[in-house]
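Asker: Please model the complete structure; the sequences and the hints are all you need to start from.
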Amino acid sequence: MLQNDNKVMGIIFANMHDVALSSLTQHRTMASVPFGGRYRLIDFPLSNLVNAGITDVGLITKANYQSLMDHVGAGRAWDLARKTGGLHILPPYGDKNFGIYRGKMEALGSALGYLHGSSAKYILLSDCEIVANIDLGPFIERHAQTGADITMMYANSYLDNEEAKDSTIVNFDENGRLVEVMCSPDITGEFNYSMNILIVGREFLIKLINEAISKGEYSLDRDILQKKMKELKINGFFYDGFVRRIGSMKGYYQANIDLLSESVREQLFTKERPVYTKIRDEAPVRYGLQSSAKNCFIADGCIIEGEVENSIIFRGVKIAKGASVKNCILMQGTEVGEKADLQYAMTDKNVVVSNYRTVIGTSTYPAYIAKGTTI
Numbered sequence: 001m002l003q004n005d006n007k008v009m010g011i012i013f014a015n016m017h018d019v020a021l022s023s024l025t026q027h028r029t030m031a032s033v034p035f036g037g038r039y040r041l042i043d044f045p046l047s048n049l050v051n052a053g054i055t056d057v058g059l060i061t062k063a064n065y066q067s068l069m070d071h072v073g074a075g076r077a078w079d080l081a082r083k084t085g086g087l088h089i090l091p092p093y094g095d096k097n098f099g100i101y102r103g104k105m106e107a108l109g110s111a112l113g114y115l116h117g118s119s120a121k122y123i124l125l126s127d128c129e130i131v132a133n134i135d136l137g138p139f140i141e142r143h144a145q146t147g148a149d150i151t152m153m154y155a156n157s158y159l160d161n162e163e164a165k166d167s168t169i170v171n172f173d174e175n176g177r178l179v180e181v182m183c184s185p186d187i188t189g190e191f192n193y194s195m196n197i198l199i200v201g202r203e204f205l206i207k208l209i210n211e212a213i214s215k216g217e218y219s220l221d222r223d224i225l226q227k228k229m230k231e232l233k234i235n236g237f238f239y240d241g242f243v244r245r246i247g248s249m250k251g252y253y254q255a256n257i258d259l260l261s262e263s264v265r266e267q268l269f270t271k272e273r274p275v276y277t278k279i280r281d282e283a284p285v286r287y288g289l290q291s292s293a294k295n296c297f298i299a300d301g302c303i304i305e306g307e308v309e310n311s312i313i314f315r316g317v318k319i320a321k322g323a324s325v326k327n328c329i330l331m332q333g334t335e336v337g338e339k340a341d342l343q344y345a346m347t348d349k350n351v352v353v354s355n356y357r358t359v360i361g362t363s364t365y366p367a368y369i370a371k372g373t374t375i
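With the first letter of the sequence shown counted as 1, position 26 gets the number 26 in the UniProt record's numbering; the numbers rise by one all the way through.
In case anyone wonders, no lab produced these hints; they're calculated from the structure.
Keep in mind it's a predicted model, so treat the numbers as computed, not measured.
Treat the hints with care, as some may be off.
Unchecked claim - Each pair of labels, with its calculated beta carbon distance range:
(1) Phe204 to Phe238: 15 to 25 Å
(2) Thr364 to Phe238: 27 to 37 Å
(3) Gln66 to Ser157: 31 to 41 Å
Note that the Cβ used here is the ideal one computed from N, Cα and C, for glycine as well.
Answerer: Written out as structure tokens, the structure reads:
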């Protein structure tokens, strides 16, 4: 938990990586993309903040945020339904200067009233594309102790071309100071990448926002981190724990399937720092006499009468007799008919796969069936 003199307010951006999962974000924000059978991506940054004692959180939206509002509500599942602080939804609004925001600095500009009204000393900014259970305490303390203008969290991983284009690649000197920033590079390999988790003084952030808006600048990565890295003291904080970055449909598929590994679940879901989500009271899974389930993550409310293997099955999915589902991700309300065969497939909500249908993708290019589709 944080000390009173280091009071922190959280700001989460709900829509910043919608393009990376364009198929899944046609009718929802990146923040409300389903994950792991019962979660949404917003659950991870929101739980990280709450577990660090941060109870004043602003959620900046842009478009398609009805499902997000349905999920988070007043923040009760995260103990954020409170009179002081709590969860605040910050919807977009047009401005005569820049309309609906184009980047984080303009998004923060639309939330200036919220920032001015806070008594927090620091603002912690986070996106929703990172799946990780992070102890934010050391990160916040490091920023307070070093006196940096901005401290940013980064990790190291192999990124393919598609993932790199949705990333910001960063490098630091021996003192941990930012010396290189590459925004959306066309490269492939192992790199240090920004986790899009930053902490900055509230008053200093307001100053940066006003300066950026006055110059017509809107990108935090390009116009602040990249342009001002010599002028400002921007430090890095290396995160060496478990992390999955959702930067492509392939990455989303693999991050879900990784949950079938016990070691991954132990790192991501800990007793010390729970991952909170909206609770739904549903009946346990019902298995038919001829059903088979091997190495699966199956949520409540499902009816399994066929064969399921190496798959993530969300709430309320029905798999009929004789159906075979292997290496798949089936979202809420999916129905798989008799003798249907699904391999390396992802179904969005309320998809119906008719009897005897076959859908086969690959581990690198899983087949995707859009929300509400019947095949």
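Asker: Run every hint past the structure and note whether it holds.
Answerer: Here's how the hints hold up against the structure:
| no. | hint | in the structure |
| --- | --- | --- |
| 1 | Phe204 to Phe238: 15 to 25 Å | 23 Å, holds |
| 2 | Thr364 to Phe238: 27 to 37 Å | 29 Å, holds |
| 3 | Gln66 to Ser157: 31 to 41 Å | 33 Å, holds |
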